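Sequences are here, hints too, so could you generate the full structure?
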Amino acid sequence: MSVINDLLCNRRSADVMAHRLLVRRIWTLSMKDIRCHPASTATIASSSFSTSLQSTTTRVSFLSPSRTLPRSLPHTSRRAVSFNVQDHEDFTERVINSDLPVLVDFHAQWCGPCKILGPRLEKAVAKQKGRVAMAKVDIDDHTDLAIEYGVSAVPTVIAMRGGDVVDHFVGIKDDDELDSFVSKIIGQ
Amino acid sequence: MAALCRGRHRWKRTNCLYVVKRNLTGKYDYDLVVVGGGSGGLACSKEAAQLGQKVAVLDYVEPSVKGTKWGLGGTCVNVGCIPKKLMHQAALLGTAVKDAKKYGWQISGPVCHDWATMAEAIQNHVRSLNWGHRVQLQDKKVKYLNVKGNLVDEHTVKGLTKAGKETILTAKNIVIATGGRPKYPTNIPGAMEHGITSDDIFWLKKSPGKTLVVGASYVALECAGFLTGIGLDTTVMVRSIALRGFDQQIAGLVTDYMETYGTKFAWSCVPKRVDKLSSGALQVTWTDTQTGSRAPETKALGLDKLGVQLNDETGKIVLGADESTSVPNIYAFGDIGEGRPELTPTAIKAGKLLARRLAGQSTELMNYDNVPTTVFTPLEYGCVGLSEEEAEKRHGKDGIEVYHAFYKPLEFTVAERDASQCYIKVVCERAGDQKILGLHFTGPNAGEVTQGFAMGFQCGAAYSHLLQTVGIHPTCAEEVVKVNITKRSGLDATVTGC
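Listed in order, the protein sequences are those of chains A and B.
Residue numbers are given in our numbering: position 51 of the first sequence equals residue 51, and the series is strictly consecutive.
Residue numbers are given in our numbering: position 150 of the second sequence equals residue 150, and the series is strictly consecutive.
Hints in this document: simulated from the structure, not taken from any laboratory.
One or more of the hints may lead you astray.
To be verified - The list that follows gives simulated cross-link-like pairs (lysine to aspartate or glutamate, EDC-like), each with its CA atoms no further than 20 Å apart:
| hint | chain 1 | residue 1 | chain 2 | residue 2 |
| --- | --- | --- | --- | --- |
| 1 | B | Lys143 | A | Glu148 |
| 2 | B | Lys482 | B | Glu429 |
| 3 | B | Lys165 | A | Asp87 |
| 4 | B | Lys158 | B | Glu62 |
| 5 | B | Lys69 | A | Glu148 |
| 6 | B | Lys316 | B | Glu342 |
| 7 | A | Lys115 | B | Glu448 |
| 8 | B | Lys162 | A | Asp87 |
| 9 | B | Lys162 | B | Glu120 |
| 10 | B | Lys162 | A | Asp140 |
Bear in mind the structure is a predicted one, so any value in this text is a computation, not a measurement.
As structure tokens, this is what we get:
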């Protein structure tokens, strides 16, 4: 997996097209993803607000059968993947009201395992190329929010889709476990 | 809603909030409101909730003069016991590293200490405790409000958020457990502007550097102790005596040890003024013969208008044996109580017992006697019971027998460390079984050593019991059960190992 990520990271935009075929051949899982994506997008669309339908349609077109992804997509998906929740309103706007499924990573600066899980989560989310977002919540800064979502130990990761908690786990998970967790959230 | 409010208006001066928050008893929002989320407040509120009471705890930290603030848990967790013991440990490790060379460890060059690394690690641990307490309150179903509590009347507490928003809570009983905060001396110009207190030292991100500690209480000596231990140039300015309230012979041993290990002492001095020089350094002008201390957090509570009796001198709340104040339904305990030991374990126990009594589950009162304690100065001092001078006062010099011993911890031998102040003193009644009145121990791990003996003390141990107890070898603690030379005999009390 990391080899593929390196490929993606180091890709110069000029070579994006050529290497995408290579990536797809190696990354067998992703073949299924691309195939299932319209269906999953539809699921997301149905559970989120109607205003988001526009964006999902646009997203589906990116993954049309011709499989031509715009050059900028890997970059945008990596850049916009995770964000730090600023306050309750921010959480409502970017997590509860998100079109995408969102992983909420409750962490603390004093928590060692959180520092290990954080990058792993980013990696797992990045692999999904924009199909899932990640919100990071520092429980010392947002104690009430953490308590509201029943967090007791950290790291706690909650998966939200359409404003509902659909899954969660506590503690560290390895890369494979995270990949399957994230895939489940997206709806494969 | 408005109609309901008007209806209630006849027999209760309230607003709509009361109607919304009616509890099962029908009269008050809560069975118990605890003001103060420290060692005592948290223990009391959790115990009460466990007994089925509807409880709310209000905690609010007024930033220190320097702007330091912290989370839930009170003094012990944030600016007391916990960070203190961890910094003390940091200092002890520094000494251990020096000893290590004698034990064969190859340590090249001098070992230096980085404050930032230590502070961050300790501050992170404290934050994890803040969180832990928050989760516990949630689990035990205690309502937590980060508001500054103020008593409106004997059943009403007003809470103010940082932003100034008000909340009113009514309660059948109110418990005050707001503790104390360091008090700046008001008669020393520059002290408040340029000085810091124990509230600030544990939260400094950068090393305090060369430090003058004004005061010689256990707080001052513990701080001066670990500052010296981590390599900082530290001086203690003492007005008259060190460790007031503790056995003074032992206090002398503790300060002697500190002086031997590099802490400087300015005896019989008080600061007159503090100025900041152009270099950024602080200049303290002193004179021989006034200092900081801790003051109770009662001012903001509005206790005066409720008629809660305070001690004129200390400002602390005058309490009955059952932690009651002069106003029915208002109770108080912990550091805020007059004459109470300023210790976490007593606050916790008193809080739990109070909760049980208020819930009608028990009549047991807190026993404040025989409370063991330890001062975590570089040479630790653990004790339980009376000081020698207090025992003399109560029983007369002829009514007591003092057994004592100067011992040397085995670990000090190879390390070539001076053990002149490692000492044990057992103060007993002179007659009969020779009941132990007070036990004092200076040496490594004094807290660990004293804890076990405190149980013996609680059971009414006498010197005869000590004689019957076999020691564990080789330890420092065994010297306590082996103590046999009396002060009265005048013999040399230095004991050798085996």
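Please verify whether lysine 162(B) and glutamate 120(B) have alpha carbons no more than 20 Å apart. 26 Å, violated
Is the hinted pair lysine 316(B) and glutamate 342(B) satisfied, with a Cα-Cα distance of at most 20 Å? OK: lysine 316(B) and glutamate 342(B) at ~12 Å, within 20 Å.
Between lysine 143(B) and glutamate 148(A), is the straight-line Cα distance small enough, at 20 Å or below? 13 Å, holds
Between lysine 158(B) and glutamate 62(B), does the CA-CA distance stay at or below 20 Å? 16 Å, holds
Please verify whether lysine 115(A) and glutamate 448(B) have alpha carbons no more than 20 Å apart. 35 Å, violated
Hinted pair, alpha-carbon criterion (20 Å max): lysine 165(B), aspartate 87(A). Please report holds or violated. With Cα atoms ~18 Å apart, lysine 165(B) and aspartate 87(A) stay inside 20 Å; holds.
Below or equal to 20 Å on CA atoms is what counts here, so check lysine 162(B) against aspartate 87(A). 16 Å, holds
Assess, step by step, whether the Cα of lysine 69(B) is no farther than 20 Å from the Cα of glutamate 148(A), and give holds or violated. 24 Å, violated
Given the hinted pair lysine 162(B) and aspartate 140(A), is their alpha-carbon gap at most 20 Å? Roughly 17 Å separates the two Cα atoms, so the pair holds.
Does the structure keep lysine 482(B) and glutamate 429(B) at a Cα separation of 20 Å or less? 18 Å, holds
The structure does not agree with the numbered hints 5, 7 and 9 stated previously, though it agrees with the rest.
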